[in-house]
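Just so you know, the sequences run in chain order A and B.
Under the UniProt record's numbering, the very last position in the first sequence is 635; numbers go up by exactly one each time.
Under the UniProt record's numbering, the very last position in the second sequence is 635; numbers go up by exactly one each time.
Worth flagging that the hints you see were computed from the coordinates, not collected in a lab.
Please note: incorrect hints may appear among the correct ones.
In this list, chains with the same sequence are indistinguishable; a pair is considered to hold if it fits within one copy or across any two.
Said to hold, decoys possible - Pairs of lysine to aspartate or glutamate residues, derived as EDC-like cross-links and limited to a Cα-Cα distance of at most 16 Å, are as follows:
(1) LYS118 x GLU146
(2) LYS443 x GLU187
(3) LYS420 x ASP377
Protein chains: 2
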Amino acid sequence: MNIHVSNEPPHEPQVDLALADARKEVASEHGAIPTGPRAGSQKIYVAGELFPDIRVPFREVAVHPSANEPPVTMYDSSGPYTDPSVTIDIKKGLPRVKSSWQLDRGDIAPVLNPREVKPEDNGHASGKHLAPRFDVSNHRVFKGVEGRPVTQYEYARAGIITPEMEYVAIRENLRREQTAPCIRDGEDFGASIPDFVTPEFVRQEIARGRAIIPHNINHPEVEPMIIGRNFLVKINANIGNSAVLSSVDDEVDKLVWATRWGADNVMDLSTGRNIHNIRDWIIRNSSVPIGTVPIYQALEKVNGVAEDLTWEVFRDTLIEQAEQGVDYFTIHAGVRLPFVPLTAKRVTGIVSRGGSIMAKWCLSHHKESFLYEHFEDICDIMRAYDVSFSLGDGLRPGSIADANDEAQFAELRTLGELTKIAWAKGCQVMIEGPGHVPMHKIKANMDEQLKHCHEAPFYTLGPLTTDIAPGYDHITSAIGAAMIGWFGTAMLCYVTPKEHLGLPDRQDVKDGVITYKIAAHAADLAKGHPGARAHDDALSRARFEFRWEDQFNLSLDPETARKFHDETLPKEAHKTAHFCSMCGPKFCSMKISQDIRDAAKAQNDAGASLTDAEAGMAEMSAKFRAGGGEIEVKV
Amino acid sequence: MNIHVSNEPPHEPQVDLALADARKEVASEHGAIPTGPRAGSQKIYVAGELFPDIRVPFREVAVHPSANEPPVTMYDSSGPYTDPSVTIDIKKGLPRVKSSWQLDRGDIAPVLNPREVKPEDNGHASGKHLAPRFDVSNHRVFKGVEGRPVTQYEYARAGIITPEMEYVAIRENLRREQTAPCIRDGEDFGASIPDFVTPEFVRQEIARGRAIIPHNINHPEVEPMIIGRNFLVKINANIGNSAVLSSVDDEVDKLVWATRWGADNVMDLSTGRNIHNIRDWIIRNSSVPIGTVPIYQALEKVNGVAEDLTWEVFRDTLIEQAEQGVDYFTIHAGVRLPFVPLTAKRVTGIVSRGGSIMAKWCLSHHKESFLYEHFEDICDIMRAYDVSFSLGDGLRPGSIADANDEAQFAELRTLGELTKIAWAKGCQVMIEGPGHVPMHKIKANMDEQLKHCHEAPFYTLGPLTTDIAPGYDHITSAIGAAMIGWFGTAMLCYVTPKEHLGLPDRQDVKDGVITYKIAAHAADLAKGHPGARAHDDALSRARFEFRWEDQFNLSLDPETARKFHDETLPKEAHKTAHFCSMCGPKFCSMKISQDIRDAAKAQNDAGASLTDAEAGMAEMSAKFRAGGGEIEVKV
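Build the full structure now, drawing on both the sequences and the hints.
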């Protein structure tokens, strides 16, 4: 592949700042900057070979020249916000990075009479209670043309490689063809991770249903990304207002903030008023796929009375959100009437909002779920825009006591049945998973999912491995997330410190994202993803060689790493010191260890074998003593 | 067992506050209280049956009367500091809880000429640089009498049950004979966890070398605790000053703070000046076992020049610290001369301070380690005071790249050899473990340790599962810690957010302790410890029933849980609200789920089977609709 690197931005920079003012205040209030490059990083773009127009973003971190190492290439989910040559205008939305390829080919066409916004879409909010509308006059609504392929699944099945497929292939490889060795060391539990990802491999994985590229044709701002067991583990961040709290600016800010730190996807879980208008702002300013749970808005449209939900209201909501550009929908079609009583003896019943709404509907009508009954209709709507399914686990366990029970697994098997239907209809599908699960029951979740859901990507919330630490559930769940990611889960939905207690603020979003980047990367390492360890090794070399600035810049959160270091050793000179505050200069094991290495190298250069442990030790000792000053750690 | 509960403090309360003033300022500066009961908790004591004098502390959390549940009994490592009837006097030290049993029996005797403090013990600090001495005039130094048993291992081998053994048996059971069901549900990988712990079981485990009760006979302030694979997983917190930062008050404050939040053991890793004096303050004010790494102080005594270390200096340091009352010593006797070159090609060489000091000594002298050569002499000294071995992993990996390499495992096998020697000498032994290990290589660490170290308790640092997140290594390591705890590790050494970057402050100590309490408890759950799940279930029931105050009080950190909740719903009325800020009242799955449960119960009361899913749904539906208001979630 003829990959070339360019520092040019992918599109003309936009001018004018506007609504961003409020956001800026939030930023400065929290002491963070939502735009501009990340510390020590440079934004670069790699063009495609099959599709030269595509420009795949990376974040490149250069290390100190003394290291004599190439820069480290990082996956970059932050979008144009971290490109200093792009001027962000929240009012206009992001540049549209996706090509007009589908349109040129006649696969999609503008919708002549797109759905009008209705008062109930925003919960009948009016006057000062109504969030401002995003100016969508430039947003033409598209839809698949009858008889033509439109979803990535359909293209893949037809043997067609799309620009999106090449885009994600380049993205997954992290330029390691050029910069880093391919390290195969792990246990992948039967996954099929290639040394290098090709567009054809992407196509095959999508065609088998083992991966998805969530991207609504009405969300051209998206930088395509792939979710599948044989790719890098991804993370999702949830944002959204609630009936208790709400603000447009806050949600856009959280979106940008979450992706800045590494969120690959964002779900807008807004409830209450203004859902429609807030979603426009989010989608038009998002370079990552946006997911929603349409039943939330449908419930608002019937004034919060679950029993009053109808297929017609739900259908209208699907079309509304699909036309806006939502990339994937959580659909709780597995919450079937017969499963509801299985939850009655649980310690924590049904903890999924969508699940409980549908359970209540089923119970009060004594009817099978309209989501289940109309599943093929739902497929037809979602296929027309390539909205991916995220089949919701409405009966997931909400406590350790309820993990892996019959309600949970009955629903999972149903999700497997629905997966086959959705595929037959041409849709992309992933499957949602728990929840609260103790460590010894986690693997069974992955095994059952693989078995019953035909290797469709698994997308789990945590799982939390204990219930006893509200306030720290990002940690209780990171343990489970890392493990289930290792076992094969393709995307991890973050949990923030506020889980169970309140809505996450900016700091919570960042804590959740960084924690889940840790879990996802730990999973990549353990699976033996061939590109994963290059990052660890680069940072460890920097640590061993006292390249403090490189250590900070290579870390997931350079600001925090630097701040922690500077609390005890603030002087600039300490950034090159060959010790740190933990041990002080006398006790620095790294320094002593470098002395040992130097001595051993001297011995090795003299022809002795390093692994022949006993041999040559006398010589080494002599050289070591003769070396004098450079092995003296006393200060 | 005739357990009775008493609210009486175990000893006469002490009067007078003194040096604590500085500590108080620190406390208020951080907005926390280092003394007084924890939120929602009551301190209780349970007496022994074999030894009626012993009083085992617990923390009891009562729940709201509406729950009709007994209080939850928590393991309590916080010592007298959380007993409101005890007045703390840092200058006098804690009450001595251990009996004079060994003395009465003639097994131990006062040392007539205890070692005098020498200027080099405090790094020749003088004048204003010398930390104040703790008044040790009431601290008589004891030693085992020639020909008599003195260690718990020796008593156990002789078939003798000690008060310490009954103490830990009561402590491990968490009063669940009275209060909670015994839930056996887990995968213990061949452990032998009993339903209830008896003193005889404790004796057997110690006699087999599978568990230790670290407690120097010169540390009578200790509340005995046990470390072993068949008991609750324990955690250790590291404190200590360094050459860069130091303060007596800060270290005592960190000790109290760490145990308040749940540290079972504390290691004093001080380096620099004043090591001896600071240690007196720590030991005399600690109700948990204190561990040290004597080589640190020995190095200070030779002015930081590793090559100048001698057996005589080290021996003198062991006696000095054993007479002070240190409960366990990390001894890096496994860092043998032939192993040093095995580290030369590592990415991060030797990262253990003690390991690098010994490696440097071996290399510069080209001699086998004096710790290895004098290992039997070390045993003789430690046995005389019942100081436990913590056989140090001086060659542990310091990066993902170096995990499970030959250097690490060669040392581990040596630690197994040394374990047998120490047991033959009558000593208690545990084994230290890594470090940095990716998830797929963690289990091999436990398996190799069990195989080569004859089931002596494993005590690991993390392990960290990735190197890329400095600033968040409490989290990268909690993932590994939870897993290795599940596999069989008996004690987890905490890692704080400051790891690799700086010395932990108060907040870091708390974050590290809470994070490791999570890891340890997640491990207990997964192992199927029969008492573990009662805590999770009690909290989950509180959550499901909207008993917010109970949720806070039952959490590992009630202050943080309450604070997070109150950020969005501060009003007192919201503490009884049947919803929270995440979903608001319309979307509360818990509320809907309770409605479903009520409906199902109504059906069940009417004689239908709950598991017969299809049956009776029409009736349920009818009742549900007829129920009217109470199932209406609209507000």
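Structure-based check of each hint:
1. For the identical chains of this complex, LYS118 and GLU146 are neighbours neither inside a copy (27 Å) nor across copies (92 Å), given an alpha-carbon limit of 16 Å.
2. Taking the shortest Cα distances, LYS443 and GLU187 sit within 16 Å of each other both inside one copy (14 Å) and across copies (12 Å).
3. Proximity of LYS420 and ASP377 under a CA criterion of 16 Å is satisfied intra-copy only: 14 Å inside one chain copy versus 71 Å between copies.
Hint compliance for this structure: hint 1 is the single one not met.
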